[in-house]
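The primary structure of each chain is shown beneath.
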Amino acid sequence: GENVEQHPSTLSVQEGDSAVIKCTYSDSASNYFPWYKQELGKRPQLIIDIRSNVGEKKDQRIAVTLNKTAKHFSLHITETQPEDSAVYFCAASSLGQGGKLIFGQGTELSVKP
Amino acid sequence: GAGVSQSPRYKVAKRGQDVALRCDPISGHVSLFWYQQALGQGPEFLTYFQNEAQLDKSGLPSDRFFAERPEGSVSTLKIQRTQQEDSAVYLCASSLGTGQETQYFGPGTRLLVL
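If you're matching them up, the sequences are chains A and B in order.
Counting in the numbering used here, the first sequence runs from 1 upward without gaps.
Counting in the numbering used here, the second sequence runs from 1 upward without gaps.
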C-alpha cells in the first residue's frame, strides 16, 4: 500500500523567512496531494492541494510543487508569520481508493517573531 | 454553514468498556471517513462510507472496531472492550462527492482508556 514520508519533523524559522516541507510517496498510482494545517487541539484544515496533472500551484504565500518522476512533493511558505506556527501534514490519495488519504507524520513549524 | 461535528469531544473509558463516537457530516456530503490520530502522529485511515455503504474498512485495527452509517448521514464508530492502545483522537471527515475532493474534518473525539 501507499506510504508517505515527511521531513523535517520540526522546523523553526524567523518571521519573514521561507519554510519548506518535503514529502515522498511510494505508490505511483497516487494522483492527489493535499496539505493540511493543524493547530494545537484543533481540526486539520486544508490549505492547498495539487493533482498529478499539474507541476506547481500557488495561493498567495503558499505554493506546492510536485515531481511525479521522483515521487515527491513540497510545501513552500514565503514571508512566514507567527500565525503560520502549527503542524503541517502532507497526504496522498489514488484514484479508485474513494478519496482515502494516507498522511505523512507531520512537521511542527515554529515561526519566531 | 455548519461544519462537521463530533461528539463527545472527550471520552474517558475504563479498559474493557464499550464506547460509541458520533459524527455529523456536512449536510449533503456523500463520503464520510474515519481516521485515528495518535499523539504526535498523522491521521491514519480507518474506514470509508459512500452514503450508507461501507466501501473500505481496511484500516480498522481489529474486530473490536465497528462503524456504521445506516441512513447515509450520521455515522457512529463503536469500539468494544476498549484497550489502552485505543487511546487516540478519532477524526471524522466528509466530502461532497465520491472522488478525490476536499475532506472537511471534524474537531475529533479524544479517547483516553485507563
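Simulated from the structure, these hints should not be mistaken for laboratory data.
A hint or two may mislead.
[Said to hold, decoys possible] Here are the simulated lysine-lysine pairs, DSS-like style, with alpha carbons at most 27 Å apart:
#1 B:Lys11 <-> A:Lys42
#2 A:Lys68 <-> A:Lys22
#3 B:Lys57 <-> A:Lys37
#4 A:Lys37 <-> B:Lys11
#5 A:Lys58 <-> A:Lys68
#6 B:Lys14 <-> A:Lys71
Structure-based check of all given hints:
1. B:Lys11 <-> A:Lys42: 16 Å, holds
2. A:Lys68 <-> A:Lys22: 14 Å, holds
3. B:Lys57 <-> A:Lys37: It holds: about 26 Å lies between the C-alpha atoms, which stays within 27 Å.
4. A:Lys37 <-> B:Lys11: Given that 27 Å is the threshold and the Cα spacing comes to 24 Å, the pair holds.
5. A:Lys58 <-> A:Lys68: 18 Å, holds
6. B:Lys14 <-> A:Lys71: Roughly 44 Å between the alpha carbons, so the hint for B:Lys14 and A:Lys71 is violated.
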